[in-house]
Amino acid sequence: MASSALKEQQRDLENKANDLSKLQKDIAKNHQVRKKYTIQLGENELVLKELDLLQEDANVYKLIGPVLVKQDLAEANANVRKRIEYISAELKRLDAALQDLEEKQTSKKDAIYKLQQRIQSLQAGKAKA
Amino acid sequence: MAKAEKKGTVTSLASLFPPDEARKASQRVLDTLVEHERELHQLNQFVSDNNNVIDLVQRLPEQLHHDIMVPFGKAAFFPGRIIHTNEFKVLLGENYYVDRTSKQTTEILKRRGNTLQSQVDSIKAVMQDLKAEASFFDATASEAAEGLVEIREDYIEEASSETVSHADMKTADEDEEYARLFSRMDELEKEELEAENGDECESEDGDVKDLGNQVSLDNRVKNLEVLFNFLEQDLSYQLNERSTSFMCSHEASKVQPASKVLPRTSGPHNTHTAMSKPSISDKEQRIQLQTTPTNEAFTGSIVEHTHNTDSNLRGQSNSSKKTVSRFKMQRMQH
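First to last, the protein sequences are chains A and B. Mapping to UniProt numbering: the first sequence position 19 is 19, numbers consecutive. Mapping to UniProt numbering: the second sequence position 185 is 185, numbers consecutive.
Bound conformation, chain A alone (with noise of 0.2 angstroms):
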């Protein structure tokens, strides 16, 4: 009887514990993306710098797959700033995510630390029976 409680609650313990580490990759996946997301923001700031420095005449391009596209110099910039604010929505997102991982790792923790303590217990129990 009490065997089978402990055999049932080390199944439990496995499971949270695979889930746990789910949760710690998708945390380190959420990292991994927002680290591009932050580079390529720093990187489109940059652009737009560049941007607001060009005089008005100034020849802008695109390179789409093998080919230089012109385009306008308002245009691009238009482009470049929508893509900013994207980028920034994505990482707002990207942080309220990583923050509802962080908080169901932590509770996930919780559970796997309290479950091996009452294993241990059952187990102590077992030993002195």
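By construction, these hints were calculated from the structure, which means they are not laboratory data. By construction, the Cβ of each residue, glycine as well, lies at the ideal position given by its N, Cα and C atoms. Check the hints yourself; a few may be wrong.
[As the list claims (entries may be wrong)] Below, a list of computed lysine to aspartate or glutamate pairs in the DMTMM-like style, where the Cα atoms sit at most 25 angstroms apart: (1) K62(A) <-> E107(B); (2) K103(B) <-> E43(A); (3) K110(B) <-> D57(A); (4) K109(A) <-> E107(B); (5) K110(B) <-> E56(A); (6) K36(A) <-> E21(B); (7) K62(A) <-> D99(B); (8) K62(A) <-> D72(A); (9) K114(A) <-> E103(A); (10) K89(B) <-> E103(A); (11) K110(B) <-> E43(A); (12) K114(A) <-> E21(B).
[Claimed, not checked] Non-contacting residues of chain A with respect to chain B, defined by C-beta distances greater than 10 angstroms in every case (computed): (13) S4; (14) L13; (15) N18; (16) K22; (17) A28; (18) H31; (19) T38; (20) A78; (21) A96; (22) A97; (23) Q99; (24) E103; (25) K114; (26) Q120.
Using the hints provided, position chain B relative to the given structure of chain A.
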């Protein structure tokens, strides 16, 4: 490891921070440090690349055309020449290109160099932090390995014995402070007394003179102003002597300024004595009239008045004319 002592516990540092754990931590920090070093190296490479490009871009328009080998595909080159040496297509990032002249390109590249430099700086700062952290972990590890112990004493146990010593220390501190205060007071009093003595002598002289010498009214007013602080003190002091109840109301307003006024009055007083001679005599006469019955005030006999015991502050204001020992006596009474 923890040994129960009479007061508190002794814990070896090794049990709190196992040496190999601390070492592991320091190792981890060192790893990140190495990573940052690599990043820094890369950044430095970027910086030098950037500088090279700036150089090249500045040199290119020096001639109308350059003979070069043009890369073609992966492994082939064919001879060619660069014409339009002052026209560049600059990649701004995000696949945006822009037509620029050599000069404009240089500017863009320089701006890029600045951003790179700031990145280098920030990474260097981070590395410094990491180094400090690593050395801290190392120190902890070695301390733990050496068998350093942490001694912890229970607060509750301390409370009974410690409070007493604390209080002692406090009073000791206070005593010291008082002593310092007194010595300062002493100095000021001496000055005051000297000034006063001078005044009194002079005023008595002036008394005689004043009978003959009539001084103009506004001169007197001016002098009165100068004397005001001093006289007020005198009055309050004498009133103290007279009646406790009256003094209380008067003192209430006087007490605090009195101590502040003291150092100030001694200055102007000294300087003005000569000029205010006649009017002093005038005022002083009146005061003297008042004081004559309680003239002992100046001799220092007032010490034992009833009101003296009730507050230190009052004592201070009184003492402006008294010898130091009185303070100490009061302190002792307290």
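Verification of the hints:
Between the alpha carbons of K62(A) and E107(B) the distance comes to roughly 21 angstroms, so the proposed pair stays at or under 25 angstroms and holds. The hinted pair formed by K103(B) and E43(A) meets the criterion: a straight-line CA distance of about 22 angstroms does not exceed 25 angstroms. Using a Cα cut-off of 25 angstroms, the hinted pair K110(B) and D57(A) holds, with the two alpha carbons roughly 22 angstroms apart. Proximity of K109(A) to E107(B) is assessed by CA-CA distance (about 53 angstroms); at most 25 angstroms being required, the pair is judged violated.
Taking the CA atoms of K110(B) and E56(A), the gap is near 22 angstroms; set against the 25 angstroms cutoff, the hint holds. Restraint check for K36(A) and E21(B): the C-alpha separation of about 33 angstroms exceeds 25 angstroms, so the hint is violated. Only pairs whose Cα atoms come within 25 angstroms are accepted, and K62(A) paired with D99(B) is accepted, the gap being roughly 11 angstroms. The straight-line distance between the Cα atoms of K62(A) and D72(A) is roughly 10 angstroms, inside the 25 angstroms bound, and the hint therefore holds.
A hinted pair counts as satisfied when its Cα atoms are at most 25 angstroms apart, and K114(A) with E103(A) qualifies at roughly 17 angstroms. Simply put, K89(B) and E103(A) have alpha-carbon atoms about 49 angstroms apart, too far for the 25 angstroms limit, and the pair is violated. Annotation: proposed proximity of K110(B) to E43(A) holds, straight-line Cα distance about 16 angstroms (limit 25 angstroms). Distance hint between K114(A) and E21(B) is fulfilled; the C-alpha atoms sit about 24 angstroms from each other, no more than 25 angstroms.
Residue-level check passed: S4(A) sits 37 angstroms from the nearest beta carbon of chain B, beyond 10 angstroms. Distance to chain B confirms L13(A) as a non-interface residue, since its nearest Cβ pair spans about 24 angstroms, more than 10 angstroms. Distance check for N18(A) against chain B: the nearest CB is about 25 angstroms away, which clears 10 angstroms, and the non-interface claim stands. Look at K22(A): its CB is around 24 angstroms from the nearest CB on chain B, clear of 10 angstroms, so calling it non-interface holds up.
The beta carbon of A28(A) sits about 15 angstroms from the closest Cβ of chain B, which is more than 10 angstroms, so the claim that it is off the interface holds. The non-interface label for H31(A) is consistent with chain B: the shortest C-beta to C-beta separation is roughly 14 angstroms, beyond 10 angstroms. The claim that T38(A) lies off the interface holds: its Cβ sits roughly 13 angstroms from the closest Cβ of chain B, which is beyond the 10 angstroms cut-off. In this structure A78(A) is separated from chain B by more than 10 angstroms, as the shortest Cβ-Cβ distance comes to about 12 angstroms.
For A96(A), the requirement that its beta carbon stay farther than 10 angstroms from each beta carbon of chain B is met, with the minimum near 26 angstroms. Non-interface status of A97(A) relative to chain B is upheld: no Cβ of that chain comes within 10 angstroms, the nearest being about 25 angstroms off. At roughly 23 angstroms, the least C-beta separation between Q99(A) and chain B is larger than 10 angstroms, which holds for a residue marked as non-interface. Every beta carbon of chain B lies more than 10 angstroms from that of E103(A), the smallest distance being close to 25 angstroms; the non-interface claim holds.
Against chain B, the non-interface label of K114(A) holds: every CB pair exceeds 10 angstroms, the least being about 24 angstroms. No Cβ of chain B approaches the Cβ of Q120(A) within 10 angstroms, the least distance being about 21 angstroms, so the stated non-interface status holds.
In terms of the numbered hints stated before, the structure departs from hints 4, 6 and 10, listed from lowest to highest.
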